[in-house]
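Colleague: Assemble chain B onto chain A, guided by the hints.
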Amino acid sequence: MLLPVISKLTGVLLTYFSIFAFLVPACVAFFYGEIEVSVFLTSFLVTFFIGAALWFYFREAEEFRGAGGFLLTALFYVGLGLFGALPLILSTQPGLSFSDGVFESVSGLTTTGATTISGLDSLPKSILFYRHLLQWFGGMGIIVFAVAFLPVLGVGQMQLYHSEASGPDRDAKLTPRIAESAKFLWLIYAGLTLICVISYFIAGMNLFDAICHAFSTVAIGGFSTHDQSFQYFDLNSVKLVAIFFMIVSGINFALHFSVLKRKNPLLYLADAEVRTYFLVLLLVSLFLVAVFQFRQSDSDANSVDHLFQAVSFATTTGFVSSELYLWPPIAQVVLILAAFAGGCAGSTAGGIKIIRVLTIWRQGAREIKRLVHPNGVFHVKVGGQPVTEPVLNSIWSFVSVYIFLFFFSIVLIMTVSDLDFLTSFSAVSASLNNLGPGLGMVGESYEDISAPVKWILIINMMLGRLELFTILVLFTPYYWRR
Amino acid sequence: MQILILGAGQVGGILADSLAKERFDVTLVDKDPSRLKAVGERLDIKTIHGEASHPDVLRRAGAEEADILVATTGSDEVNIVACQVCYTKFQTAKRIARLRAAAYADDNALFGEDHVPIDFIINPERAVTNQVKELLAHPGALEILDFAQGKVQLAAMRAYSGGPLVGRALRFLTSDIPEVETRVAAIFRKGNAIIPTGDTVIEEDDEAFFIAAREDITSVMGELRKAELPNKKVVIAGGGNIGYGLAKAIEEDYDIKIVERDISRANWLEDGLSRSIVINGSATDRDMLIEENIDQCDAFCAVTNDDDINIMSSLMAKRLGVKQVITLIGKRAYVDLMHDSPSIDVVISPQQVATSMLLSHVRRADIARVHSLRRGAAEAIEVVAHGTKESSKVVGRRICDIYLPSGTTIGAIVRGDKVLIAHDEVMVQADDHIILFVVDKKQITSIEKLFQVGLKLF
Numbered sequence: 289m290l291l292p293v294i295s296k297l298t299g300v301l302l303t304y305f306s307i308f309a310f311l312v313p314a315c316v317a318f319f320y321g322e323i324e325v326s327v328f329l330t331s332f333l334v335t336f337f338i339g340a341a342l343w344f345y346f347r348e349a350e351e352f353r354g355a356g357g358f359l360l361t362a363l364f365y366v367g368l369g370l371f372g373a374l375p376l377i378l379s380t381q382p383g384l385s386f387s388d389g390v391f392e393s394v395s396g397l398t399t400t401g402a403t404t405i406s407g408l409d410s411l412p413k414s415i416l417f418y419r420h421l422l423q424w425f426g427g428m429g430i431i432v433f434a435v436a437f438l439p440v441l442g443v444g445q446m447q448l449y450h451s452e453a454s455g456p457d458r459d460a461k462l463t464p465r466i467a468e469s470a471k472f473l474w475l476i477y478a479g480l481t482l483i484c485v486i487s488y489f490i491a492g493m494n495l496f497d498a499i500c501h502a503f504s505t506v507a508i509g510g511f512s513t514h515d516q517s518f519q520y521f522d523l524n525s526v527k528l529v530a531i532f533f534m535i536v537s538g539i540n541f542a543l544h545f546s547v548l549k550r551k552n553p554l555l556y557l558a559d560a561e562v563r564t565y566f567l568v569l570l571l572v573s574l575f576l577v578a579v580f581q582f583r584q585s586d587s588d589a590n591s592v593d594h595l596f597q598a599v600s601f602a603t604t605t606g607f608v609s610s611e612l613y614l615w616p617p618i619a620q621v622v623l624i625l626a627a628f629a630g631g632c633a634g635s636t637a638g639g640i641k642i643i644r645v646l647t648i649w650r651q652g653a654r655e656i657k658r659l660v661h662p663n664g665v666f667h668v669k670v671g672g673q674p675v676t677e678p679v680l681n682s683i684w685s686f687v688s689v690y691i692f693l694f695f696f697s698i699v700l701i702m703t704v705s706d707l708d709f710l711t712s713f714s715a716v717s718a719s720l721n722n723l724g725p726g727l728g729m730v731g732e733s734y735e736d737i738s739a740p741v742k743w744i745l746i747i748n749m750m751l752g753r754l755e756l757f758t759i760l761v762l763f764t765p766y767y768w769r770r
Numbered sequence: 006m007q008i009l010i011l012g013a014g015q016v017g018g019i020l021a022d023s024l025a026k027e028r029f030d031v032t033l034v035d036k037d038p039s040r041l042k043a044v045g046e047r048l049d050i051k052t053i054h055g056e057a058s059h060p061d062v063l064r065r066a067g068a069e070e071a072d073i074l075v076a077t078t079g080s081d082e083v084n085i086v087a088c089q090v091c092y093t094k095f096q097t098a099k100r101i102a103r104l105r106a107a108a109y110a111d112d113n114a115l116f117g118e119d120h121v122p123i124d125f126i127i128n129p130e131r132a133v134t135n136q137v138k139e140l141l142a143h144p145g146a147l148e149i150l151d152f153a154q155g156k157v158q159l160a161a162m163r164a165y166s167g168g169p170l171v172g173r174a175l176r177f178l179t180s181d182i183p184e185v186e187t188r189v190a191a192i193f194r195k196g197n198a199i200i201p202t203g204d205t206v207i208e209e210d211d212e213a214f215f216i217a218a219r220e221d222i223t224s225v226m227g228e229l230r231k232a233e234l235p236n237k238k239v240v241i242a243g244g245g246n247i248g249y250g251l252a253k254a255i256e257e258d259y260d261i262k263i264v265e266r267d268i269s270r271a272n273w274l275e276d277g278l279s280r281s282i283v284i285n286g287s288a289t290d291r292d293m294l295i296e297e298n299i300d301q302c303d304a305f306c307a308v309t310n311d312d313d314i315n316i317m318s319s320l321m322a323k324r325l326g327v328k329q330v331i332t333l334i335g336k337r338a339y340v341d342l343m344h345d346s347p348s349i350d351v352v353i354s355p356q357q358v359a360t361s362m363l364l365s366h367v368r369r370a371d372i373a374r375v376h377s378l379r380r381g382a383a384e385a386i387e388v389v390a391h392g393t394k395e396s397s398k399v400v401g402r403r404i405c406d407i408y409l410p411s412g413t414t415i416g417a418i419v420r421g422d423k424v425l426i427a428h429d430e431v432m433v434q435a436d437d438h439i440i441l442f443v444v445d446k447k448q449i450t451s452i453e454k455l456f457q458v459g460l461k462l463f
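So the sequence lines, in the order shown, correspond to chains A and B.
Okay, so the first sequence: first residue is 289 according to this note's numbering, each after it adds one.
Okay, so the second sequence: first residue is 6 according to this note's numbering, each after it adds one.
Okay, chain A solo, but in the shape it has when bound (with noise of 0.2 Å):
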């Protein structure tokens, strides 16, 4: 039986979780004098109480097997998303609703970066940081930091970290060991984060700033200290050391190993992955560029705002540098569909992945080569590797399921609310594809928007985080028969 073992690790987790999440926050808030200390306590000895409970009651249960960490995953997202909101909803400042605090919760654990919360320049700092450190744990991922760090978990580490990982390939290993593996990949996130706070500092930003947009750039996250994201900081300087970072970030950390590992940078151009990310990138912002030369607009947006913008939500990370609201539509809508194709697989972005994008792209290319070639012989090839029939298949069926997901998403808003095709259309993209702003009533924040709604778009947040299948399978009969 799995309730047992999945109820003992999520106690587990739960109580790891609580140590780092609450008591971290919780000094913050000493060192700043704010009352918020009671806040992240109370947080604490409930979550910690309530895990150690769990994992002391069920802690003769046995290791767990098989498919059970798709479970395990799931049920800790749900579950770090409930516990996450506490000090959001106890705190006074903001004192969120239920609905709006495990919104704001799940959309920093899915580095979403969507918020329902105006005023945060006004909020305490403690607070601020909670959010920021939420996010920086939900980038790399909650589970890669437990399979690197916490022992306990014991055998079925290999398919909790599967569960979590991003792309097709998820059997790709940097060492023979799981957890070796997932501590490098914590370490080298670790050490991004801080070469990105030090740049933002030399930048212009002052320390806490830097701190907190490092967590969630590095996590391409997208939630900022300030109401008007990076206008705030008027500086070019800031702008550009965002740009930088994000897509440093959107890049798979697997190969920021390798490069590493044999101190050779030209690995990244040798990646077909990654060519077309920049391909991607480039193009956006080329566009968007045009978009200005050719529209007129009231925005004051430079070129550093144009390529800002493009890599922001390309990568699904959701900072805003600009009125985007005074852009050009197309502009807009351009941006929104930018994150769609997301960052490179492996890496902390969202999306579809650029390595689906473009698996699929080829074999568009090889019905027409095969249409002018009867007799010839074509494969799908990624970077030179033929790309096999069943991750052909897995691939096209996550994004017929992404897509289905998306309208399916769109209708059910409609049906729930009033909201115009163009808000829950630029709501959900933005959900799913866990990149944060949208158009129209959600532009500035969700605050707005009605509790079923919300709760919508937490579904979707949950299932762009965890590339749909950890979660959907859970929804099948197959899983519970096995």
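The hints are all genuine.
Derived pair list, reagent style DSSO-like, types lysine-lysine, alpha-carbon separation capped at 30 Å:
#1 B:138 to A:669
#2 B:237 to A:657
#3 A:669 to B:253
#4 A:657 to B:323
#5 A:657 to B:238
#6 B:328 to A:657
#7 B:138 to A:657
Listing some non-contacts, in silico: residues in chain B with all C-beta distances to chain A over 10 Å:
#8 50
#9 72
#10 95
#11 118
#12 138
#13 223
#14 233
#15 257
#16 395
#17 402
#18 409
#19 450
If you're looking for bench data, these hints aren't it; they were derived computationally from the structure.
Ideal Cβ positions, reconstructed from N, Cα and C, are used throughout, including at glycine.
Modeller: The following block gives chain B in isolation, referenced to the frame of chain A:
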């Protein structure tokens, strides 16, 4: 000289054949008695049955007395081990191995006295690939052969009306293209060799051999026929080792279609190649060739392992309008038959290529390269001059003072990185690479003697 050949396959068999005819003592080892019997009945050689890498088999085959070991079994690993065994146990002086896998053959760090003791690696398939590659780069050429690491090339071509030099004497060559140095080494007119002088007049249909630096070959060719447009679209029939190697080597420079009959091999090819288009079908399927627009393609290379298919598909391609047709033919009888056929521009015999590669290692003088030409009747040789004016018959002498056997011309001299096209006043120095053209193969022994350093006799 005693030569031990391992493996009685295509290359081993042909090699044994041509070496035995040159009066070497040949021993042939193979694990398949029927293959040995077939070769042994035909040739005056010793045959030993057994696993080619086993020390006892090698001892029985006379590895202790052998001067040269040539390992040409089908397995790279057996060849490597055999060389190691001969080096360690029998101190065989010279070890030559055929290695097909590029993973071994291209890794120079693997080989040497302290490592895998192979002196020379031969890979006939790759040599054929390189030849076809050169021929495609020079449409109209019958043969293009490398000397001195490719710094100098020997080209053979047929003269056609329309070439500026056709119908005129050779000495006008220098005034026509003054910036290019070249030397016409031999002319074959209706099968008879002519040693050219400045007054020799080039006639239509002459087969001319000339030597020039690599970059000058094209301009010399332009003198003998109307310049052809460079090749762009190439069809390769057959996706075996040669077809695959060829496609891989040239797919960035040409638009390649490669036709392979076996579907699983075709799938394999598609995985290994990037720009080439792999077509699954028979190279002799006329409708398919038309469907694939063969009439639009510039060159057709038939390199399947079946002579009949190669010949038939080549005839078909030529009929359909392909400009340059290159055909791989293994059977000696077919080579002779097709050599002068107007439908096939170039016939390549892999056996001739393999023999060429090995011949340079069995000759007595320091010979760097041998190319067997005109089905073995003529040879082009790259030989290194050693010694001093006293000990050598060539060093320190002007070319016009060297006593060359009849039917032999010196085409060029490579000194370090410099290419000197031979004329009478050039002085030969020690360590020069001299490229000779020998019309009459009977003279090979005299040439070997000419270049041997006298002191060695004592």
